[in-house]
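The primary structure of each chain is shown beneath.
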Amino acid sequence: MTPLLSVRDLRVGFGQNPAANEVVKGVSFDLAAGETLAIVGESGSGKSVTALSVNRLVDFGGGRITNGSIILQRSDSSTLDVAKADEKVLRTIRGRDVGMIFQEPMTSLNPVHTVGAQIEEAFRLNRGLHGAEAERAALEVLERVRIPDAKSRLAYYPHQLSGGMRQRVMIAMALASSPRLLIADEPTTALDVTVQAQIMALLAELRAETGMSMIFITHDIGLVAGIADRIMVMQHGLAVEQNTTDAVLDNPQHDYTKHLLNAVPHFTSGKAVRADNERTATSEPIIKVDDLVVRFPVKKGLFKPKGAIHAVDGVSFDLMPGETLAIVGESGSGKSTTARAILGLVEKHRGAIAAKAGRSRRPIQMVFQDPFASLNPRLNVEALMAEPAIANGQKLDDTLRDRMRFLLDRVGLPADVLNRYPHQFSGGQRQRLCIARVLMLNPDVVVLDEAVSALDVSVQARVLDLLVDLQREFSLAYLFISHDMAVVERIAHRIAVMYAGQIVEIGEARAVLSDPQHSYTKRLISAVPAVERRRQHFAVDATQVPSLVRPAGYEPPPANWREAGQDHRVRIEETK
Amino acid sequence: MNYVVQRLLTFPLILLGVSILVFVSIRLVPGDAITAMLGTEAGLLTPDQRAALAAYFGIDQPIWSQYLRWLSGLFQGDLGISSIYGKPVLSIILERFPLTLQLALMSMLISLSVGIPLGVFAATRNERPSDLIVRMLAMLGQSTPSFVIGVLIIYVLSVFFGFVPAMGTFTPLTVDPLASVGQLIFPAITLGFAFAASVTRISRSAMLDVLSDDYIRTARSKGASQRSVVWRHALPNALIPVVTLSGVEFGYLLGGAVIVEQIFALPGLGRLVLDAITQRDYALVEGTVLFIAFNFLLVNLLVDLAYVALDPRIRIGGR
Numbered sequence: 001m002t003p004l005l006s007v008r009d010l011r012v013g014f015g016q017n018p019a020a021n022e023v024v025k026g027v028s029f030d031l032a033a034g035e036t037l038a039i040v041g042e043s044g045s046g047k048s049v050t051a052l053s054v055n056r057l058v059d060f061g062g063g064r065i066t067n068g069s070i071i072l073q074r075s076d077s078s079t080l081d082v083a084k085a086d087e088k089v090l091r092t093i094r095g096r097d098v099g100m101i102f103q104e105p106m107t108s109l110n111p112v113h114t115v116g117a118q119i120e121e122a123f124r125l126n127r128g129l130h131g132a133e134a135e136r137a138a139l140e141v142l143e144r145v146r147i148p149d150a151k152s153r154l155a156y157y158p159h160q161l162s163g164g165m166r167q168r169v170m171i172a173m174a175l176a177s178s179p180r181l182l183i184a185d186e187p188t189t190a191l192d193v194t195v196q197a198q199i200m201a202l203l204a205e206l207r208a209e210t211g212m213s214m215i216f217i218t219h220d221i222g223l224v225a226g227i228a229d230r231i232m233v234m235q236h237g238l239a240v241e242q243n244t245t246d247a248v249l250d251n252p253q254h255d256y257t258k259h260l261l262n263a264v265p266h267f268t269s270g271k272a273v274r275a276d277n278e279r280t281a282t283s284e285p286i287i288k289v290d291d292l293v294v295r296f297p298v299k300k301g302l303f304k305p306k307g308a309i310h311a312v313d314g315v316s317f318d319l320m321p322g323e324t325l326a327i328v329g330e331s332g333s334g335k336s337t338t339a340r341a342i343l344g345l346v347e348k349h350r351g352a353i354a355a356k357a358g359r360s361r362r363p364i365q366m367v368f369q370d371p372f373a374s375l376n377p378r379l380n381v382e383a384l385m386a387e388p389a390i391a392n393g394q395k396l397d398d399t400l401r402d403r404m405r406f407l408l409d410r411v412g413l414p415a416d417v418l419n420r421y422p423h424q425f426s427g428g429q430r431q432r433l434c435i436a437r438v439l440m441l442n443p444d445v446v447v448l449d450e451a452v453s454a455l456d457v458s459v460q461a462r463v464l465d466l467l468v469d470l471q472r473e474f475s476l477a478y479l480f481i482s483h484d485m486a487v488v489e490r491i492a493h494r495i496a497v498m499y500a501g502q503i504v505e506i507g508e509a510r511a512v513l514s515d516p517q518h519s520y521t522k523r524l525i526s527a528v529p530a531v532e533r534r535r536q537h538f539a540v541d542a543t544q545v546p547s548l549v550r551p552a553g554y555e556p557p558p559a560n561w562r563e564a565g566q567d568h569r570v571r572i573e574e575t576k
Numbered sequence: 577m578n579y580v581v582q583r584l585l586t587f588p589l590i591l592l593g594v595s596i597l598v599f600v601s602i603r604l605v606p607g608d609a610i611t612a613m614l615g616t617e618a619g620l621l622t623p624d625q626r627a628a629l630a631a632y633f634g635i636d637q638p639i640w641s642q643y644l645r646w647l648s649g650l651f652q653g654d655l656g657i658s659s660i661y662g663k664p665v666l667s668i669i670l671e672r673f674p675l676t677l678q679l680a681l682m683s684m685l686i687s688l689s690v691g692i693p694l695g696v697f698a699a700t701r702n703e704r705p706s707d708l709i710v711r712m713l714a715m716l717g718q719s720t721p722s723f724v725i726g727v728l729i730i731y732v733l734s735v736f737f738g739f740v741p742a743m744g745t746f747t748p749l750t751v752d753p754l755a756s757v758g759q760l761i762f763p764a765i766t767l768g769f770a771f772a773a774s775v776t777r778i779s780r781s782a783m784l785d786v787l788s789d790d791y792i793r794t795a796r797s798k799g800a801s802q803r804s805v806v807w808r809h810a811l812p813n814a815l816i817p818v819v820t821l822s823g824v825e826f827g828y829l830l831g832g833a834v835i836v837e838q839i840f841a842l843p844g845l846g847r848l849v850l851d852a853i854t855q856r857d858y859a860l861v862e863g864t865v866l867f868i869a870f871n872f873l874l875v876n877l878l879v880d881l882a883y884v885a886l887d888p889r890i891r892i893g894g895r
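So the protein sequences, as listed, match chains R and F.
Residue 225 in the working numbering sits at position 225 of the first sequence, with consecutive numbering throughout.
Add 576 to a position in the second sequence, counting from 1, and you land on the number used in the working numbering.
Just so you know, the hints here were simulated from the structure itself, not pulled from any lab data.
Certain hints may be false.
[Claimed, not checked] If you want the footprint, here are the derived chain R segments under chain F, 3+ residues with CB under 8 Å:
| # | segment |
| --- | --- |
| 1 | 50-60 |
| 2 | 121-131 |
| 3 | 192-199 |
Every residue, glycine too, gets a C-beta built ideally from N, C-alpha and C.
Using the sequences and the hints given, assemble the complete structure.
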């Protein structure tokens, strides 16, 4: 039987001279009908370009196919070489034979058209449906992607829906024409982990219902373990390994595959937690947060009463010297706001933040998520690193330069980078630079707000190792804000789980990860994709985060806690 | 919606501010109104006659009481009597305004219907020769002064076609639509030329931004044609800067186009203001400037409403 899709020696280049700027350097693979292929690789590996070549959307990004063939079997059983087809023909395969969903549900829907209009367009283009027929079809397909109250959602604009809902709309649109092949380009990367689990479960169910083939692109080999039949690992534009999922995961052949499987953080339910630094009863906390409350007022119109977003609602914890406390939670849980309140970057509504006098006048420093945006592109490294010291009243002199060189060396950057500018560094190097910068003032506490989230997985692993080394050397305490359980497992001594502005569970890392008590912690942990749990089946769960907008004067009921073990406390849930 | 309500509330306050500013500033200019009115004959007046005239026009009072009197008249629709024309200011303005409004509308229509398609076309041909030609034309259009274009048009029309556009009195649209449009078409082209160039440039750059957005790729992945991608998916998202620019331009045009009115000898608001200022017709200056400010504010309000219509994110707040 001929495969649905057969790619041979595909080469794709960019720019004026595509042959010289190749991003995909000779990739071949086959995809049978009903099969799911996962293309795994880090940024710049050519995985997205390979997938975008299948429906030739790569042309619109400035790419050119310089060599190879892409033979697609069409629904009428004819075959077509996509690599050589012209735009008119290509338009008939897009949507009809090949559907696609993208990484960013936030920006992938047109903001000026309703969700319904955008889905109906797909039906109009590919099935020739109009008016009431198209509307009925759009409603049906929205129900198929399990959007609650689908009928009223048709009139919604994209900005009125959450990220997970938007991605469902994207999937609905791609399904409109019952394509035989669905390309999913990192469809869950921008989503929270519990939402990611919902979307993955949905895709698996839809695949079973329709029998379509899928190409699933991801940087997270753990994520596709449960859904892929075959895995192709890409590095530097080449397919370094491809085989069945089990063969790749259990018996990897290529070094890079082994690296992805071993060096990269994978979640292991608390087995990989750090063993150093036991808490002793005598030590005194370096930061003590007590009943922290942060609220943002919302205006509801001219005459309506005002309310407030309860971003952080009664958070208390201790941070000991030399310890890492990880605050985990999903977007909107209040974890970043907590960090910002501790630094005084947002005003607290109530509560106490006591910091013990430290080694310097500024004992708390912060590293941010995006290493590209948090370094001023017009300043060189010397000026960037001098900034905190100068702001603190020091002078840019040889002592300061010596400290810069010392710290740059410690974070693994050569000392001669002082005259270079941020754009001359890679993402990982920039984050090292940010880390060196916060150490300039010899802080006691470093707040790391999603500090490794923007980095590629293997870079992420090395930066985590660096953070652990620096923590020991400078006896730093870390407040590590993250949504990524696998990363948290590698670095945290203690974990606080936040949900809807409150800590629901806090305690020693191993206890929280291996024996979660609160229903939300359990949900969060079971949603983390893991190679070793790949045969587990997940049901579609449509639980949504509650609204944090409360009427003026609202106070949450007092928290009741129970001890789940030594240094492991759980908030008692209200029973309905 | 809050935003629009806020704009509506500030509207009269700004007008009040403008009225004070105009009232005071024209009186700060050296020289007195009676000399300006009568010219050399003012020297023949006895001091008593002069005082009587000043009392008649009310300019012997302190400035604040003059202002209050004027303001109270304003609320009754009385903008005062023009000393040049000897008629109520409001009736003079309303006489001149139809021409200015029609000229503004026609030149907007011309420049938008030329500029937007050209800009969109150039954006889809990014960096290709046709794009470069459009960009060069736009640069030329923006940098050519309107009196050059106007004089050129008149020259070409009269020398090569022996056609002289009707000058002097204006035929309103209600009397003879064809003649009216015909009379204003060349002035409108003159005015619209430079603005069409601005519209071309801004719609080109806005379209270029939008065409690289993710939802454009989504539309293409659905199999949408280039035409549908450009006109249905991209253009509505690129219109906001065009609307902003058009609002400002339209507001200016409603204040009259002095140079073009002068070249084509048209009795519009622009020349009225000019005459009023040079002849120190206090009431007329105050009335026209206030009228122009009112129009400008009104247009800005309409622009805000247009944003609301164009972008559902402004129309319906987030969740």
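For each hint, the structure was consulted:
| no. | hint | result |
| --- | --- | --- |
| 1 | 50-60 | holds (count 3) |
| 2 | 121-131 | holds (count 4) |
| 3 | 192-199 | violated (count 0) |
Figure legend: structure checked against the earlier numbered hints; the only hint not met is number 3.
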